[in-house]
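Chain A is already provided as a structure; the job is to place chains B, C and D with the ligands on it using the hints.
Residues per chain are reported as follows:
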Amino acid sequence: GCGSKEDTKEGSAPSEGKNTSGAVDMSDIKIGEIESYVLEDGGWCQATHAGVVAAMENCGIPEENLITLENIAEDQASVQAAAEQLIDAGCNVIIGASTGYAGYLSEIADEYPEVTFAQWGTETEGLVAYELRSYEAMFVAGYVCELMSQDENTQLGFSASMNEFSVRTAINSYALGAKYANEKATVKVACADSWYDVDKEKQCAQSLIDAGIKYMGMEATSPSIAQTCEDNGAYCVGYHVDKKEDAPDAVLFSFTWNFAPIFEEIFTDKANGNELKALYYEGGECAKLTEFSDLVPEDIQKKGKELQEKINAGEVQVYAGPLSDDKGKELVADGQTMDDNTILLQDFFVSNVECAWSK
Amino acid sequence: MGELILEMKNITKTFGSVVANKDVSLQLYSGEIHALLGENGAGKSTLMNVLTGIYRPDGGAVYYKGKKVSIRSPKQAVNMGIGMVHQHFRLIPTLSVAENVYLYSEDRKFMLNQKKMENVILECSEKFNLSVDGAAKVWQLSVGEQQRVEIIKLLYRGAEILILDEPSAVLTPQEAEEMFKTLRKMADAGKAVIVISHKMNEVMNHANRITVLKGGMVEDTMLAEDATVERLTKAVVGDREFEEILPKEDGGVSKECVLELNALEALNDKGLAALKNITMQVHKGEIFGIAGVAGNGQRELSEVIAGLRPAVSGSVVLKGRDVTKDSIKGRIQNGISFIPEDRLHMGLVPGLNFKENVILKEFDTKKYCRHGMIDYSVAEHAANRFVAEHEIKNGGIDLPVSLMSGGNQQKLLIAREVDTKPSLIVAVYPVRGLDIGAADAIREILMEESRNGTAVILISEELEEIFKMCDRVGVLCNGELMGVRKVHETDFNEIGKMMSGERSEVAAHA
Amino acid sequence: MRKIRFQKRTDISMTRKILNPIVFVLLALVFCGIFLAIVGFNPIEVYGKMLEKIFSVKGFQKSIVAGLPLMFTGLAVAFGYRMNMNNIGADGQYAMGSILCVWFALYGPDMPAVPKLIIMFILALAGGAFISLLAAIPKALWNVNETILTMMLNYVVLLFLNYLMYGPWKEEGQMVAQTAKIDERYFLPDIGNTGINSILIIAVILAVGIYFFHKKTARGYQMEVIRRSPSAARYAGMNVKANIIFVLAVSGAIAGLAGFAQVGGIIHRVQADLPNGAGYTGIVIAYLAYLNPLVVLIVGFLFGALQISAVAVQITGVPSQIAMMIQGSIMLFVIAGEFFNRYKIVIQKTEKTLPEKTEKKQEGGVSHE
Amino acid sequence: MSSALIVSIISTAILYAVSVLYAAIGEIFAEKAGVMNLGLEGVMLMGAVSGYLVAVHMKNLALALFVVIAVGAVLGLVFAFVTVTLQADQTVAGMAMLTFGTGLSGFIGKEVCGVNANLAFESIAIPGLSKIPIIGPSVFNQNLLVYAMYIIIPVSMIYIYKTRPGMILRALGENPATLDSAGYNVFALRYGYVIFGSAMTAVSGACVSLAYTNFWSDNMTSGKGWIAVALVVFASWNPLLAVFGALLFGAISVIGVDIQMVFSALPSEFYSALPYVATIVALIFTTGNFRKKRSTAPAALCIPYNREER
Ligand SMILES: Nc1ncnc2c1ncn2[C@@H]1O[C@H](COP(=O)(O)OP(=O)(O)OP(=O)(O)O)[C@@H](O)[C@H]1O
Ligand SMILES: Nc1ncnc2c1ncn2[C@@H]1O[C@H](COP(=O)(O)OP(=O)(O)OP(=O)(O)O)[C@@H](O)[C@H]1O
Ligand SMILES: [Mg+2]
Ligand SMILES: [Mg+2]
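Chains as they are written, first to last, in my numbering: chain A, 176 to 534; chain B, 1252 to 1761; chain C, 408 to 776; chain D, 308 to 617.
Just chain A, same shape as in the assembly (with noise of 0.2 Å):
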């Protein structure tokens, strides 16, 4: 929920620190958004942004308040003008999408103590970084699949972006639903080494069909991979947001990106003069899967929305013990978790992930 006006006349005294700047009125705060690349991207960007929009809306906050640049290069010239400019222009909550933007942010966040600086990622000095569980939703999605391929008894697939601890959050947590679901499942991974390639991604989706899969997850953007499979017969979980109009018949379902909970969070911290956290991070309903297609089966559709229920409730732990890498290597003892700050910054494969480029 978000703060209504009453809640920021409660709030307490503004307080000294970084990451308080005092009471605001939700109608004075003005934010600038700063993204890689296009808004209309169907990725990453576009989720945010939607993000953002949502939880201005909830929070009342007019449209006109938010200021948004787009195609930012991770370099430091650009990345500081464009804060610079967007506080200029009034703006005092700057969302940073990409993760890249942190370090540059982090050096005239000192500058403008009035001015909230909310980055995407881990930790970072100065500013109030947001980061997301991801994993819990990647893991139904790994589940559902393994039990949809379970009859055919193929293995399954996963294309991949980049070699990147974001990506490896999905695929590990993919492939530990599918272990979930059965103890001998694994996930075979291609990787394009690009954020964004319709060929390279093209190539994956296809190599890994040729290798007999028939269900995969993704990490990437384009509707390639969704496309190929469509072409042949094979079916995929749809990444960042909702994929399903991309390729209607191979579409099972889409893990998204819902940061409006979350940047209504902010925003409410913000107007009531609370001191804003050093990181909001959330699960649950901000990473979410959206409604199962038709294309998977009633029986399934429900044991999946049972394991959401499971997890919501602490009752399945993700990345529960024992948890031991792809090379044999211990990860979490047996009756342990994994703490999260490890969970967000993993640089391991979970053992039934058969990925060749593991370091």
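It should be emphasised that the hints constitute simulated quantities derived from the structure, not laboratory data.
A hint or two may mislead.
Heads up, simulated DSBU-like pairs for lysine-lysine below, C-alpha to C-alpha not over 35 Å straight-line [claimed, not checked]: (1) B:K1535 - B:K1618; (2) A:K419 - D:K469; (3) A:K504 - C:K588.
If you want a taste of the chain C side facing chain D, the calculated C-beta under 10 Å gives, among others [as the list claims (entries may be wrong)]: (4) P545; (5) T554; (6) V563; (7) M732.
Keep in mind it's a predicted model, so treat the numbers as computed, not measured.
We put the beta carbon where it would ideally sit given N, CA and C, even for glycine.
Just chains B, C and D with the ligands now, with coordinates in the frame of chain A:
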């Protein structure tokens, strides 16, 4: 002579500040061969380029068959039947001879038929006695052969008015003779021919009328019958003192051997044997002529000596030292100086200015260079010295040499080469395309050098020149040295026979 | 009837040379202004914001920061092209320079700042030169097209860079695909309190050095001869192969310095995709600067300013793509405008009709090409 | 390797190859005419977006293709005006085209970003031929743009090397002055080929947005234009060699992904770099003058023609 077919009236053409043509008027009758004479830079090519639509005149008019025409593009000129063989060839090096000819023809068939085209070329070249291989790519041809392709192109297209810009410059006297016969045939068939030339004898023998340009203006026009060498010379070079070179005296040549070639073999650009078992010596203070029809290994010989082309076997010995394996630079330092056939693109850098060209060969020697830095003031000094010593005319030593006339370019090139104090000069067609004044100056420089003890290899197609300047002459045919003669012990006849492949075993070591 | 003719100018005055591009930049802005107005934006406001940004102190500083890597890549490309060596691999050379540089800064031995920086500098040069040599050697020995070689190497080196950034060299405990910051002792200082890093001084010294290299040295002369006539160069005994290797290596080394600039002077670390297309922008800069190293610095700065002002344009609601379009238009107008630097328009009275369109440029002058 | 895998590799490689070949072959024609356009990527994007816009709004593929060609032609006209008439530097003009095209395509494509056109060039199996083992399903079960390319390749080879206009084209890039004095209109010819090349490049864009995949997104060609530029040189300005190069590149990058999944111990970046490394190696072996081969680059490439220049 037939009726007036073309008339140029008061043509003026300027390039920036250069006035290339001023009030030039010219009449052309069908059935005549009209010769254009004049110094380098007199404006002959420019005038013809105006006629073929390449340049647009600033003033004046052209009348074709009595009607005023404005020739705006080469296309228009070609369609009117005006065809030109340009001084700088207009050939596509990567296409075959046949394709080049076909490109220029009126034939508009969509598909190409290589075999048929080659056959047509074969016929055509047989008919006019201009032998070229239709299937060969143009880049593989010698300059002389390329010239032949240009002429075939024109003949094949069948123009009404034929313009040839210095066609004989790259032909042997025999070839030139043949060509003029062909041109005469065309003229007799009612066509009009304009020939630009620097060779007075040829002009007087073959032309009907002669026009001399000087400084962009018409200096004199006459019937060929009225022409004399004196009159033409005066018109071309003005009142300037003009001495005919006297034939070289026998004797006075040292026994000291500067260059020795032993059983030298080399390949041409096509990878075929171009030099076969060449053995010869050149002595100090001697001018050694190489006679022969172009394309018989002259270029390869000069390049092997200069180091631009590797020898397959045999050796090049300079002043007793085997330099066969030496680099080009090594040979330059050892005193080999080379005046190449393509003076503008190999001997000089056209886009660079005068003084930058002066230092081309010695830019990194003590003369011009200290600690890796070039001292341009020394270069400027040398440039001014060259200008003064050799009466080189140029727009200023800071202008690109491409703007200088051919004669002056060659003077610059030779002045630079001589300035390196070489022990051997290899000069390939050094006076090709030069006006008589410039040619004379170039020859005089070479003679002077040999008098000072430099050995000179003079590759030339003009036997007259060889007989006047050389001590000995060797004849190249098909890459073989047919024989070597002292010029005083032989005659045109014998050399001519050797040029056509008759071997003569008389030894001629001085 | 009047006839428009283009007459070649014999000499072009300095004022014209400087004024002409300015006029055509303005024309480009007018063109884009009309476009902006059509799609519903106020061009005056948009341009106002742009100028405001460029002429603010911060904007100026940012423009220099953004322009610095471009200056190096521009110098690199211009240096290569002075001998007709088309080096479009400045991106990869820049990346390799930064990799070696940051490697030494982070993992090299601890030592005083000056020797450390000198070694970093040399390694950046070496990294760039190494990549460029991979193209230079096949070019020199077997005349393999250097344009394609350098371009392909870009992809390879950038994949290598990203491998390091996402993999083994990634800063511990951080998400960002970048190395840790180098030790503060090894930061290059700012120039006084201008907020501009002293790396600019290196760029200026380098540009002046290259300028005199071309003008005065025997090597510079050789490059000029080879550029204009390789056959004359061979004739004069110059070692064309060695010069190709030399020129490409130096060009790559200069591009490598962009990496040094980042590590030593700007971001003090290396991140994924660091070059960000600077090598390609460098091509444009080099050509627009007529390959003159001093002009490269100015054009490099202007491109930095353009990049920064593109941000400002978006503030007014104009999509980022239009900012890009404006950049493209400016480039197109400026080079098209070059024509009027070389030719002047003469309107003549004639009795004839206009000549065909394609035959406009027939009046010439003394050629200086 | 199973035959299904071979079929898949071949057909994916073909699909990839065709999407760059339109641009590469178009550019071969333009460069043989003496004009180089480095900004193929910009033109490609404009082609991709305009085709997609028409597909979304008009639901008509033929019309989409027509508009793509028209847009490419208009961009070609602009490029020709700048480089042929105004004799501007072709390198910068190309880069300007790249920036301009990328920007403009992104802008006009905003509204169809993420919109599914549901209209694309679908694979059509050729009766009979598609039954041949391996070759059939990989080569003769493709979309119309691929089949058109099967025709364009031999036609362009015949055109360039066997016809009179092709010979003129070869001459145009070598020595325009020669053609000029032989009465050909050098300017008109250059305009024609530049426009043709640009239109072909735009079709390459359509291959990406309407056949290879079916969507539009900003900058979606992600570097294909540069690959096409490289391909032209790689192929020594010969369309057939370009086909070979494009297939090689496509196949290696597909196989790279396949072996990436099988062989361990190397980072995936290594496999992603393979096609580029292979291009370098192949370039050295095919164009290196080990046997004193002549350079095949058109001699007048990038040099504006001006009659009075000398
Ligand atoms: N395109 C051009 N641009 C500038 N100047 C030119 C051009 N063409 C010719 N000139 C100048 O015009 C003058 C006449 O040149 P032209 O080539 O007509 O002389 P020419 O009589 O043919 O000489 P040559 O005997 O050397 O062939 C020369 O001074 C030359 O430098
Ligand atoms: N401030 C400037 N603005 C625009 N163009 C310039 C400027 N300064 C120089 N140029 C151009 O840059 C080019 C290179 O300049 P430079 O002074 O090196 O010329 P150059 O004398 O031809 O040099 P070089 O002799 O080494 O070739 C020249 O064409 C010149 O017109
Ligand atoms: Mg002439
Ligand atoms: Mg100069």
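- Provide an ascending list of the numbers of those earlier hints which the structure does not satisfy. Those not satisfied come down to hint 2.
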